[in-house]
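Following the hints, complete the assembly by docking chain L onto the known chain B.
The listed protein sequences derive, respectively, from chains B and L.
Quick note: the first sequence uses the UniProt record's numbering, first residue 1, plus one each step.
Quick note: the second sequence uses the UniProt record's numbering, first residue 1, plus one each step.
Here are the simulated EDC-like pairs of lysine to aspartate or glutamate, each with C-alpha atoms no more than 20 Å apart in a straight line:
| no. | chain 1 | residue 1 | chain 2 | residue 2 |
| --- | --- | --- | --- | --- |
| 1 | L | 197 | L | 117 |
| 2 | L | 86 | L | 164 |
| 3 | B | 50 | L | 198 |
| 4 | L | 170 | B | 89 |
| 5 | B | 56 | L | 198 |
| 6 | L | 197 | L | 39 |
| 7 | B | 56 | L | 124 |
| 8 | B | 50 | L | 124 |
| 9 | L | 197 | L | 124 |
| 10 | B | 56 | L | 39 |
With beta-carbon atoms standing in for the labels, derived distance ranges:
| no. | chain 1 | residue 1 | chain 2 | residue 2 | range |
| --- | --- | --- | --- | --- | --- |
| 11 | L | 22 | B | 51 | 33 to 41 Å |
| 12 | L | 116 | B | 50 | 29 to 37 Å |
| 13 | B | 99 | L | 6 | 43 to 51 Å |
| 14 | L | 12 | B | 89 | 30 to 38 Å |
| 15 | B | 89 | L | 42 | 44 to 52 Å |
| 16 | B | 114 | L | 41 | 35 to 43 Å |
| 17 | L | 183 | B | 89 | 21 to 29 Å |
| 18 | B | 114 | L | 24 | 40 to 48 Å |
| 19 | B | 104 | L | 78 | 40 to 48 Å |
Simulated from the structure, these hints should not be mistaken for laboratory data.
Note that the structure is predicted; figures quoted are calculated from it, not measured.
No residue lacks a Cβ here, since even glycine has one placed at the ideal position from N, Cα and C.
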Amino acid sequence: MPAELCPPYAPFFGFAGVASAVTVGAAFGTAKAGIGIAGLGTFKPELIMKAMTPSKGYPLAAGFIHLGAGISCGMTGIAAGYAIGLVGDSCVRAYVHEQRVFVSMILILIFAEVLGLYG
Amino acid sequence: MGYTTYASFGLPSFLVIIVALYLLFTDSGEAFDVGRFLEETSPFVWGSLGIGLCIGLSVLGAGWGIFLTGASILGGGVRTPRISTKNLISIIFCEVVAIYGVIMGIVYSSKLQTVPEAQLYTRDNYFTGYALFFGGLTVGFCNLLCGLCVGIAGSTAALADAADPTLFVKVLVVEVFGSVLGLFGLIIGLLMIGNAKEFLPGSPAVSAIRI
Numbered sequence: 001m002p003a004e005l006c007p008p009y010a011p012f013f014g015f016a017g018v019a020s021a022v023t024v025g026a027a028f029g030t031a032k033a034g035i036g037i038a039g040l041g042t043f044k045p046e047l048i049m050k051a052m053t054p055s056k057g058y059p060l061a062a063g064f065i066h067l068g069a070g071i072s073c074g075m076t077g078i079a080a081g082y083a084i085g086l087v088g089d090s091c092v093r094a095y096v097h098e099q100r101v102f103v104s105m106i107l108i109l110i111f112a113e114v115l116g117l118y119g
Numbered sequence: 001m002g003y004t005t006y007a008s009f010g011l012p013s014f015l016v017i018i019v020a021l022y023l024l025f026t027d028s029g030e031a032f033d034v035g036r037f038l039e040e041t042s043p044f045v046w047g048s049l050g051i052g053l054c055i056g057l058s059v060l061g062a063g064w065g066i067f068l069t070g071a072s073i074l075g076g077g078v079r080t081p082r083i084s085t086k087n088l089i090s091i092i093f094c095e096v097v098a099i100y101g102v103i104m105g106i107v108y109s110s111k112l113q114t115v116p117e118a119q120l121y122t123r124d125n126y127f128t129g130y131a132l133f134f135g136g137l138t139v140g141f142c143n144l145l146c147g148l149c150v151g152i153a154g155s156t157a158a159l160a161d162a163a164d165p166t167l168f169v170k171v172l173v174v175e176v177f178g179s180v181l182g183l184f185g186l187i188i189g190l191l192m193i194g195n196a197k198e199f200l201p202g203s204p205a206v207s208a209i210r211i
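If we strip away everything but chain B, and leave its shape as in the complex, we get (with noise of 0.2 Å):
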């Protein structure tokens, strides 16, 4: 890998993307009520981890793309955790007026979930 491809600062948004995955997707994950979706907005992070050691050539495209990677694990995280709390909400209460909407509910849930694991 040549030298002026790696430079020295690379491996900032690779650390960017990183930080942005476990962060973005925690964050809305916590504030609308799935916790699983926290969960997987973490799991990017050994991935690009690997790929990023000090003594190999790390590209700095391969730094973008990265952060790239990571932006888009964190909205999805938004996403999912959004969708997921707004529809949770909305389902306790209709369980509590109608006992039969139990299935339907789950079914919506795992779709949304589903969101968060395209990221």
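Frame of chain B; chain L shown alone:
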């Protein structure tokens, strides 16, 4: 649009555009160089900022959670004094979040070794500096949210316990899941720092190019 929207979004973006256009039109567009900024700031800046954020945000989260839970326990304890001892476990969950931050602060600060300025700017030291910054940010932010989550759940547990003693254990399960968030942050923080060596002096031959 309110005044706060103008202040928080309008004014900063206006200033950024003015500065960018000024640089562009006075032929000093090359002065905006992210790579040079990242290469010229000392790895000690990144490392110290990361450790500060780690402990600071974790303690902020723990404190927030404790005051949320404590207020509910004390309020509910006026009418039902039996809840006060059992619900202290929620306070302990919040405290654990601060302890995670302290542990990571201690682990990270072992990487900060004294290196003379002339031998500081090596690839490995840059890597460690960035790892410390983002690791500390991740751990601190995760612990902040964990403390908030456990605080809200603990407050709900106290009030549910005051209404009906059988509900306490059920809401406690929610709180346990919430505290797992802090543990996630700790694990990711340790993973990030796994490949980073502590600050070592480099010979001039391995130093990165500095303008």
